[in-house]
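A.B. asks: Once you've looked at the hints, dock chain B against the given chain A.
From first to last, the protein sequence lines are chains A and B. Counting in the UniProt record's numbering, the first sequence runs from 1 upward without gaps. Counting in the UniProt record's numbering, the second sequence runs from 1 upward without gaps.
I should point out that these hints are in silico values taken from the structure, not numbers from a laboratory. Ideal Cβ positions, reconstructed from N, Cα and C, are used throughout, including at glycine. Heads up, some of the hints might be wrong.
List time: in silico SDA-like cross-link candidates among lysine to any residue, alpha-carbon distance up to 25 Å [to be verified]:
#, chain 1, residue 1, chain 2, residue 2
1, B, Lys142, A, Ile328
2, A, Lys118, A, Thr152
3, B, Lys11, B, Ser44
4, A, Lys39, B, Arg127
5, B, Lys27, A, Gln248
6, A, Lys284, B, Ser44
7, A, Lys131, A, Asn63
8, B, Lys202, B, Ala232
9, B, Lys80, B, Ser98
10, A, Lys39, B, Glu153
11, B, Lys142, A, Glu103
12, B, Lys142, A, Val179
13, A, Lys284, B, Lys214
14, B, Lys139, B, Lys202
15, B, Lys80, A, Val114
16, A, Lys254, B, Gly32
Over the 10 Å line for every Cβ pair with chain A, so calculated as not near, a few chain B residues [claimed, not checked]:
#, residue
17, Leu3
18, Lys7
19, Glu136
20, Ser204
21, Ile209
22, Arg225
23, Glu298
24, Lys345
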Amino acid sequence: MHAFLKTGKLGSGGKGAGGSGSLKTGTGSANTPKPWVEKYRPKKISDVAEQDDVVAVLSKTMNGADFPNLLFYGPPGTGKTSTILAAARELYGKDLFGQRVLELNASDERGIQVIRDKVKNFAQNSVSSTKPDGSPCPSFKLVILDEADSMTHAAQAALRRTMEKSSRTTRFCLICNYVSRIIEPLTSRCSKFRFRPLGVAILEERLRSICNTENVNISDEGISALIEVSEGDLRRAITALQSVARLQSGREIKEEHVYDITGAVPQTWLRGLIEACASGSYDKLSAFVDDLMAEGYAAAQILLQIHDCIVEEDNLRDVQKAAVCEKIAVCDHRLLEGGDEYLQIMDLSCCLMQNLTK
Amino acid sequence: MSLWIDKYRPKELSKLDYHTEQAQHLKQLVDGGDFPHLLVTGPSGAGKKTRVVALLRQLYGPGTEKLRIEHQSVLTASKKKLEISTVASNYHLEVNPSDVGIHDRVVVQELIKTLASSHQLDTVGQRDFKVVVIVEADKLTKDAQHGLRRTMEKYMSTCRIILCANSTSKVIPAIRSRCLVVRVPAPTNEQIVSILQNICKKESLNLPIQLAEKIAVKSRRNLRRAILMCEACKVESYPFSSTQEVSLPDWEVFLRTTANMIVSEQSPNRLFEVRGRLYELLSHCVPTNAIFQGLLRELIQNVDGELKAEVTRLAAYHEHRLNLGSKAIYHLEAFVASFMALYKKFLEENMADMF
Chain A
1 MHAFLKTGKL GSGGKGAGGS GSLKTGTGSA NTPKPWVEKY RPKKISDVAE
51 QDDVVAVLSK TMNGADFPNL LFYGPPGTGK TSTILAAARE LYGKDLFGQR
101 VLELNASDER GIQVIRDKVK NFAQNSVSST KPDGSPCPSF KLVILDEADS
151 MTHAAQAALR RTMEKSSRTT RFCLICNYVS RIIEPLTSRC SKFRFRPLGV
201 AILEERLRSI CNTENVNISD EGISALIEVS EGDLRRAITA LQSVARLQSG
251 REIKEEHVYD ITGAVPQTWL RGLIEACASG SYDKLSAFVD DLMAEGYAAA
301 QILLQIHDCI VEEDNLRDVQ KAAVCEKIAV CDHRLLEGGD EYLQIMDLSC
351 CLMQNLTK
Chain B
1 MSLWIDKYRP KELSKLDYHT EQAQHLKQLV DGGDFPHLLV TGPSGAGKKT
51 RVVALLRQLY GPGTEKLRIE HQSVLTASKK KLEISTVASN YHLEVNPSDV
101 GIHDRVVVQE LIKTLASSHQ LDTVGQRDFK VVVIVEADKL TKDAQHGLRR
151 TMEKYMSTCR IILCANSTSK VIPAIRSRCL VVRVPAPTNE QIVSILQNIC
201 KKESLNLPIQ LAEKIAVKSR RNLRRAILMC EACKVESYPF SSTQEVSLPD
251 WEVFLRTTAN MIVSEQSPNR LFEVRGRLYE LLSHCVPTNA IFQGLLRELI
301 QNVDGELKAE VTRLAAYHEH RLNLGSKAIY HLEAFVASFM ALYKKFLEEN
351 MADMF
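Isolated chain A, as found in the complex (with noise of 0.2 Å):
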């Protein structure tokens, strides 16, 4: 019985605390696979890359100094919610971050009613400066708002005051990609860190670290191509390399694998499309996109790829290429709002014939 419940199927109270202790207890992990940014999350926070400013704040904190509300915003990926989480284990240790640390995002309901209950209640108490085996901790609670530009005004306004009113008791940390979305009051009353877009030598020295512990076979053009299609964003190049492995299986990792899970569209398409533009006629075009659709490509990605095209084509000049980049703004703008793939495609290859072909 007890072996049983060791392995972990039923006992899910253990997950409940933030998923913190599921990461350290061994044996029930060791038999379900997590996915590689969950395995690797960095656990200190100086194991976290890049982010110099906020990681020399957060230390001193660590070390007694006062711990400020904060607001991390910055492209997803960079390790806005890696950073907190650390923080909030290293200050309260495993045990007491269950009771500690509330953290919503936006998958649970966060409407005005649960600021106002759960956030307030929660701020409400104070808690003993002492860990239950007599060693120093922080004398506050922490609230994480994970993905807080998706909370509604209303919801943020009523943060202002409580925020302010529990400041003896509890420290919060707001987590966004656009800091625009988060209300003036409401920035004015953290301090901000501008979390950047990680540089190319640590994303390798990241990825080789992983290939290395988990075997995977890659090639150099393999981690090359990973690092060109993540845009500094750790996670999604992590997630890529995990299902690049997992699809060859021991198999040595190349370029073109990569770039076939990411749904990146080859070159060879996306000349085929300009030299059916150049070509002058509207049928080859119209058959040509065609095939290309059926590819099942997305649309927003072709025109990703096709300005980058467009940019270094010879044949233009620089105002047709001007002209041509505001048709792709405009055409990601409606496929964004819901535009029908085809027509956007047509509408945009229509301007680049008559600009090629002038």
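C.D. replies: Below, chain B alone, put in the same frame as chain A:
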């Protein structure tokens, strides 16, 4: 007596007719034990669903074919009761959240939560996760997609999600980066021809290759349509003759005549008639983007080179506005009216040049 598309749908990964290498990869994925969330994308009729069903069978064995339809009710935040029907087996649950419109976030979260909160009872020889299949994932609202982000990570230990979408353009990057993307390209014409011939062989019919090719071209690389057309041809006249006409769906013929009406006369009166026909199409639930595409394809054939680009621009412009607006007819009519104006002006200028 079932339709050919159901009768001859491959049930196992090893029996798929094309993209066999991809099927091999998927099989390895299942055998590896470490199964990620999947995002299956591809144009309609390319075989996304077939692959998902085959994959489920590979995961759990033939038990996945015992399906039952369940009606679940979910309560929204504003205490509104929503009814949604799901198709489920003991191992998986399939849901089309776009049925409930803007309330899809609650539905997705509730369903996944109820499914994921209980573990598989008998884990011996079984997977310790269940699968939720969400079809038409690109129709999910942004709200629902954001809600899915954390849900996907949180219930990773008991639940896997398979999303089916026509295109990844409308799936937010955060979801895309959490899934393994499986692209299913449409079959080529040759592949369609060989599949059609295989089916006919099994039905012990004789399908001339010319007719098979004709069907493949008309289906525009949509296998489901090709098989349906083939069956329709058989019903119309058998034995097949290689010169036999392949009949298009009714609404396409209807759309073609509508386009011809627009080209033959441009007047307010004609616009009024066209409007009636457009209403007819809409009331038969023909998707608006299909109407736009169909109209464009037909109109383009009747206009001169320089006008083609302009007409395409108009179609793209109005189709986009249609998605923002609430009533489709205004935008369809606006497109027809502006086409008429453009075409008439062009004709009059040409006339003036002649004299």
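A.B. asks: Evaluate each hint against the coordinates.
C.D. replies: These are the hints, each one checked on the structure:
no.	hint	verdict
1	Lys142(B) - Ile328(A)	holds, 23 Å
2	Lys118(A) - Thr152(A)	holds, 16 Å
3	Lys11(B) - Ser44(B)	holds, 19 Å
4	Lys39(A) - Arg127(B)	holds, 21 Å
5	Lys27(B) - Gln248(A)	holds, 11 Å
6	Lys284(A) - Ser44(B)	holds, 23 Å
7	Lys131(A) - Asn63(A)	holds, 16 Å
8	Lys202(B) - Ala232(B)	holds, 17 Å
9	Lys80(B) - Ser98(B)	holds, 17 Å
10	Lys39(A) - Glu153(B)	holds, 12 Å
11	Lys142(B) - Glu103(A)	holds, 22 Å
12	Lys142(B) - Val179(A)	holds, 19 Å
13	Lys284(A) - Lys214(B)	holds, 19 Å
14	Lys139(B) - Lys202(B)	violated, 37 Å
15	Lys80(B) - Val114(A)	holds, 19 Å
16	Lys254(A) - Gly32(B)	holds, 20 Å
17	Leu3	holds, 23 Å
18	Lys7	holds, 25 Å
19	Glu136	holds, 13 Å
20	Ser204	holds, 31 Å
21	Ile209	holds, 22 Å
22	Arg225	holds, 12 Å
23	Glu298	holds, 12 Å
24	Lys345	holds, 19 Å
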